[in-house]
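Terminal number for the sequence shown in the numbering used here: 1343, no gaps in between.
Treat the hints with care, as some may be off.
Said to hold, decoys possible - In silico DSBU-like links for lysine-lysine, alpha-carbon gap of 30 Å or less:
#1 1269 - 1332
#2 1269 - 1310
#3 1331 - 1269
Read the hints as simulated data drawn from the structure, not as lab findings.
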Amino acid sequence: MAYLFYIILFIFLMTLQTTVLPYFSVFRHFYDLGIPCVIYLAIFRSTREGLFAIFFLGLFRDGISGGVFGLYLTVYLWLFIVLRWIFRFLHMRNKSVMPFLVPAGVFAGNLILCAITLILELETGNFYSLMGAVSKQVVWALFTGQIFFLIFFYLQKKWELLFHWMLPK
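All chains, full assembly: derive it from the sequences and hints.
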């Protein structure tokens, strides 16, 4: 049932990002809403759940983006792998570290995306405008990242309470 929860959550977030947020100019440089999901899955869920969910999220995001297919899947997988590796050495559930996870993830995700576009020799535009957009996304992530974590925790608990009778004992 957790997989169904992630699928519904991802479809909702990607629909929100692609249909609602672009109509408000204040959200023009809002970061990819898949990144907080990847961070949440890497830190708080099992590897099996995380890999399935990230695979679905990446394929779904690639399907609706209109860009190079596999680009977002690659970004999400690398971000997940790096976070799981770092998690072996650091205690990332620490309350002093939590506010900086999403901004660091947004920066790392953009760094991976830039590396892939350089490797594939895609046209990205002006470097300075790209760095301006990345810095705005990091600031957005600094202020909203914790809110997304709280929403994910709340929704996950409600989902598990709603379908607790279907979970294995």
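Hint check results:
no., hint, result
1, 1269 - 1332, "holds (23 Å)"
2, 1269 - 1310, "holds (24 Å)"
3, 1331 - 1269, "holds (20 Å)"
The structure fails none of the hints (numbered hints given earlier).
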